[in-house]
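Listed below are the residues making up each chain.
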Amino acid sequence: MARRYNIVLAGVGGQGLLTLGRVLGNAAILAGEDVTIAETHGLSQRGGSLIVQVRIGKGESPMIPKGAADLLIGLEALETARQIIYANQSTRIVMNKFLWPPPLADYPDIDNIINEIRSRNIRLYLVDANKISEEIVGTIISANMAILGYAYAVDEGLQEKISYEHLEKALEKIFKGKVLELNKKVLRKGYEEGLKHK
Amino acid sequence: MNIPRTDVLAPKGSKVLLMGNEAIARGALEAGICFASAYPGTPSTEIVETLATVAKDAGIYVEWSTNEKVAFEAAYAAAISHVKSLTAMKHVGVNVAADILMSAGYAGTNAGFVIVSADDPGQHSSQNEQDNRWYGLLSHIPVVEPSSPREAYMLIKEAYKLSEKYKQPVIFRSTTRISHTRQSILLEEDIPVEKTCKGKFERTIERWVLIPAHGKKLKKRMMTVWKNIMENEGHPPFVEIINPGNKKVIIADGIAYAHVAEALELMDKKNEYTIVKINLPVPLPYKPIVEALKDAEKALVVEELDPVIETQVKKILFENGVSVELHGKDLVPENGELDLDIVYRSISKFDIGTESVPWKPLEPLRLEPPIPPRPPVMCPGCPHRNSFYIVKVAANKARLKSPIFTGDIGCYTLGYQKPFETQMTSFEMGGSIGVAHGLSKVMDEPVVAVIGDSTFYHAGIPPSINIVYNKGKSMVLILDNYYTAMTGHQPHPGTGTTAMGEETYRVPMEDVMKSIGYETYVINPMNVKESINKVVEAFEKYKEGKPVAIVSRMKCALQALRDARRKGIKLPVYTILKDKCTGCMVCVNLLACPAIVVPKGAKKPVIIHDLCAGCGLCAQVCPFNAIVLKEKGDPNWLEAWY
Ligand SMILES: Cc1ncc(C[n+]2csc(CCOP(=O)(O)OP(=O)(O)O)c2C)c(N)n1
Ligand code: SF4
Ligand code: SF4
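Protein chains in written order, with this note's numbering: chain A, 414 to 611; chain B, 410 to 1051.
Fair warning: there could be bad hints in the mix.
Claimed, not checked - Label pairs and their in silico Cβ distance ranges: (1) A:GLY551 to B:SER512: 55 to 63 Å; (2) B:PRO1044 to A:GLU585: 34 to 42 Å; (3) B:ILE509 to A:GLU605: 55 to 63 Å; (4) B:ASP1043 to A:ASP522: 33 to 41 Å.
Claimed, not checked - Chain B is faced by these chain A residues, among others (derived, beta-carbon under 10 Å): (5) GLY472; (6) MET476; (7) ALA518.
Quick caveat, the hints were computed from the structure, so don't treat them as lab data.
Every residue gets a Cβ at the ideal spot worked out from N, C-alpha and C, and that includes glycine.
Isolated chain A, as found in the complex (with noise of 0.2 Å):
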């Protein structure tokens, strides 16, 4: 049996885990794979922490081990260090520059995050996804096309799997008009962005 290829996607509830998640999915099947993808509906979709599991290939058990993903996506900057114990030392991992902290609490600075990061050697690939989403949207909501995007170009395990014709297919079923052209600028542009920091 193909190992399965596994996508931890990390960040706080409302930032578009779950289309981000449907997008792969889709994807996926399109490129004529097996997928399954484990979501996280109610209390923490409250601006809670959220993880969504996404396993591309035959198999049975929806759950990624911890230390057992190839990819981890991170929505935001807590999330990813939190839910680091999903990678190993050769997983991928792509964060999005933007840290929101939970009210009332104290946290460690975005950069000390990234130093800890790197000083463990991983790899670890850094992008505005938040700023390509405001340039083409004008909000920060499609933050999570424009990492998705970034990390498809950066990430060669997701490129064996499925191509980018795919995702932009996939964006086809979910999205629709005006809100479907605009993802796929996001898209692109995340792309384009990651390219150059291969």
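Since chain A is already given, all that's left is putting chain B with the ligands on it; use the hints.
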């Protein structure tokens, strides 16, 4: 939730990405149901939400009922009059419906009737992690359980066949990881156009009137059905012996099977093991268990939560004189959710006596200060924040001495957190009012019951009546945000729309409370000052010994934002003026709005533009008038909120 309508309705042969709950809905449609009713509850909600979304296309009737008991009664009534039906609820919802569940076990059904119980191992979104397979044993209703969303799609159809074969209801047990996992699913059948939607009620009173004389006869029927299922259903799709004849055996049901299959694959030990895959954990058919274990050396039962299968296996072994080294909850945890890692370790201990796993996680990062926990919080602009702030200030003003706030279940439960602490209990839905009454009878402190709108209709009315009837001293505060927000904004009797999107009557809670005998106040918490004055007035009335109710009415902010987007309305956005802000932190410390943050090292807070919902609460609270409009919003912006 955004349900992919076209995927759920796709023709036979399509490969679609469906969430477990959508897969259950699609399977039930293929089975020919024409009636579905439910009360929402994570992780079950999307089953009936999906059915509601496609109800008109599929030609079926779907409703959100006021609670699980009512939903159960409605769907059961359809089934006993020959219309195939479904009801779905979260695990604790079955507690609410347990009374009729027990009777339905006795009386049986005519058309297929499936109760989906979505359990929540690991308590992702629940007050407990009760294992509802026990309900099957208690009620003598068989339990069917899938191991993946794909299997859920297939098995729900088998559950309907089983129900019709034995004329007995069937509990279809899902769990969070089945219900909320998406999987690619190949659709096997089309949704039938022809189905029975018109019922026929037979006046067979000896079946439907459960007086003792009838009940005794019905119990005999029920026990015969029970034994027949145990005797005759030990075959696929309910029980499957995979790779028979091995000395080492694993018995697993539901999602546990998925973890077992993958763990053995990763260990490269598939050929050394016989797996008994269980999709009918209750009542456990004994033949395949005896068959797989009679010549085995040792066996391991892998199941999530309680030893429901293990207990039955032990009984079967004893009754059939089979002896084998049997393991279960000694190696597999009974608390929390199982996952691949945990199951890999359990099998490894069973297999070679030590735990070893092939993955090496990174050590957690060492950061100073450490990564703070991020529990769920009320959204920016959440009406509950306004209500809690107002009630606390008003309680102070009215000199209410150390009030006790009993709480309930919904987004507002988050008010247990600092800075509000206006939820001091939260046991089950509707509990706030009953508990407040009891407290008020044994304490001198003022007691305020805080309950959400949907929760009020669900289970808040009988205890409200009880307070007045028994001359209680507690107050009731109902937080009306128009929706059942926590579970994804389903409409309720106060909303004015039905599950299928039709306009309907509204049942205003203030009218209900007035008719019970409460002095009832309605506030709009967006207007902070005015609301504080009204609540002070209400508290004064309460001190006079009158039964008092307050309805705080303001739309859920998430829904207001959606409505604004849909209607193309631009909402206002606030900002903090640096020169006017003194850094007193009142807004931060009293409101805890996630849109107001203190940047690392800064002495003054800022508002994150993209996150501000424009509710204006902080501007009304800032003592230095330092919070002002940054963008004004359209002149009609309030339309999004009302
Ligand atoms: C018996 C039972 N059914 C369903 C649920 C799931 N549930 C939790 S909160 C909630 C609804 C709360 O709605 P509402 O009272 O309107 O408060 P809101 O979330 O809108 O603030 C539901 C249905 C539950 N916990 N218990
Ligand atoms: S979903 Fe609505 S009710 Fe729930 S926390 Fe958010 S704004 Fe408040
Ligand atoms: S107006 Fe103030 S309290 Fe309301 S959402 Fe914006 S920042 Fe939060």
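Each hint, compared with the structure:
Range check, GLY551 (chain A) to SER512 (chain B): Cβ separation about 57 Å, and the 55 to 63 Å hint holds. Taking 34 to 42 Å as the suggested C-beta distance range, the pair PRO1044 (chain B) and GLU585 (chain A) conforms, at roughly 37 Å. For ILE509 (chain B) and GLU605 (chain A), the hinted distance range of 55 to 63 Å is satisfied, since their beta carbons lie about 60 Å from each other. Distance hint for ASP1043 (chain B) and ASP522 (chain A): a CB-CB separation of about 38 Å, consistent with the stated range 33 to 41 Å.
About 5 Å separates the beta-carbon of GLY472 (chain A) from the nearest beta-carbon of chain B, less than 10 Å, and the hint is met. Interface hint status for MET476 (chain A): upheld, as the beta-carbon distance to the closest one in chain B is roughly 4 Å, under 10 Å. With 10 Å as the threshold, the beta carbon of ALA518 (chain A) comes within range of chain B, its nearest partner Cβ sitting at about 4 Å, so the hint holds.
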